[in-house]
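Protein chains: 2
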Amino acid sequence: MRISELSRRSGVPVATIKYYLREELLPKGEATSATQAVYSDAHLRRLRLIRALVEGAEAPLAKIRTILEAIDDTGIDLHRLLGTVQYALTPDTPHNDGPEWREAERSTDELLARLGWRVSPLSPARHQLTRTIVTLARVGYQVDPQTLDLYAEAVHTAAEHDVGRVDPAAPREQVVEYVAAMTALMDQALVSLHRLAQEDVSARRLRGGADC
Amino acid sequence: MRISELSRRSGVPVATIKYYLREELLPKGEATSATQAVYSDAHLRRLRLIRALVEGAEAPLAKIRTILEAIDDTGIDLHRLLGTVQYALTPDTPHNDGPEWREAERSTDELLARLGWRVSPLSPARHQLTRTIVTLARVGYQVDPQTLDLYAEAVHTAAEHDVGRVDPAAPREQVVEYVAAMTALMDQALVSLHRLAQEDVSARRLRGGADC
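If you read the sequences in order, they're chains F and P. In case it helps, this note's numbering puts the first sequence at residues 1 to 212. In case it helps, this note's numbering puts the second sequence at residues 1001 to 1212.
The set of hints was computed from the structure by calculation and includes no laboratory data.
Under 7 angstroms between C-beta atoms, here's a sample of chain F residues computed to sit facing chain P: (1) Gln128; (2) Val155; (3) Asp162; (4) Gln188; (5) Leu196; (6) Leu206.
Fair warning: this is a prediction, and the values are worked out from it, not measured in the lab. Glycine included, each C-beta is placed from N, C-alpha and C at the ideal position.
Okay, chain F solo, but in the shape it has when bound (with noise of 0.2 angstroms):
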């Protein structure tokens, strides 16, 4: 196909398709001619990718470049590449070592001990748990392991399930597609639904007077 039907069937511009091949995002089509190129279903399932990252999940450029190059490294295995994806959409978290923080992250890595999960120790997400105890602590909080436990348990049925919805046959694009969405938009939808229960519980045990 044209570079005007790859825009409409992608509805990402033409002047955007352009920057991106510039910016070697997406491949260089086929040419036919000095100035004209066509593309393929694969131009056209890239696009939608990158359509989904930068609308869905707000990823900025550079990380965007990172998936990509992962999706292309066929040595990199599906775990891997679960994994890259999701490093790269998890903000960076400002640490340090003062005494608070390696405290914090004790109570991490023995939270992920006692579960027997396995993460790796540069994961983003163990960074930003190990911020979130710190702040707890400092408004006079200790997160009692109780809790995390609870909670661990609760979001592990729901990562069964995301990552079950992985189909491995599936062309890598669309894998990351998916894990992308899962990871930017399912914690979304994972906070609303906490805060939603929330007022249910609340409303079952905690509301005086006549229900009404």
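Place chain P on chain F using the hints.
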């Protein structure tokens, strides 16, 4: 106690305390002369709460004022007090009345009806969830009811735990402090744990080659 001791014990600078007094977020102390006043443990408790809301939940002063007014209004029962805190700490969601919004809203309504959850039509978390479903649809994902049900069940267990820890006999400031921490920070913990759980499940199911 004098304002200097109030500052020392709360960790809030004297200038900030004076600002809160001017803004009427903190009630005046008992005047002992034209220029001096003494403060009680109630002032200290209130000040610690404001600090927790500012630093822990990053709440703007207008939202903090809403929360403090709900604490002082004893006509508001514990359930409505919790709701006030949660609603004040949930960001407003931009929304519209287009067909895709209405369709996503129907998914949210159907989910809550299916679950039988008691949630106000005004809940900001409801709009948040609808917004996420809209964004997912835009990048090509229709969230299936099974996924939402499973997520909902997982977080409801966490919510039972959260609300179960509210002590109805505790001072209202203390309840609010706990609920604010739970809303702003335990959500973060839930998201981090979800990502860690995804990595664990992926490591178990999708890792190629030798498992080391």
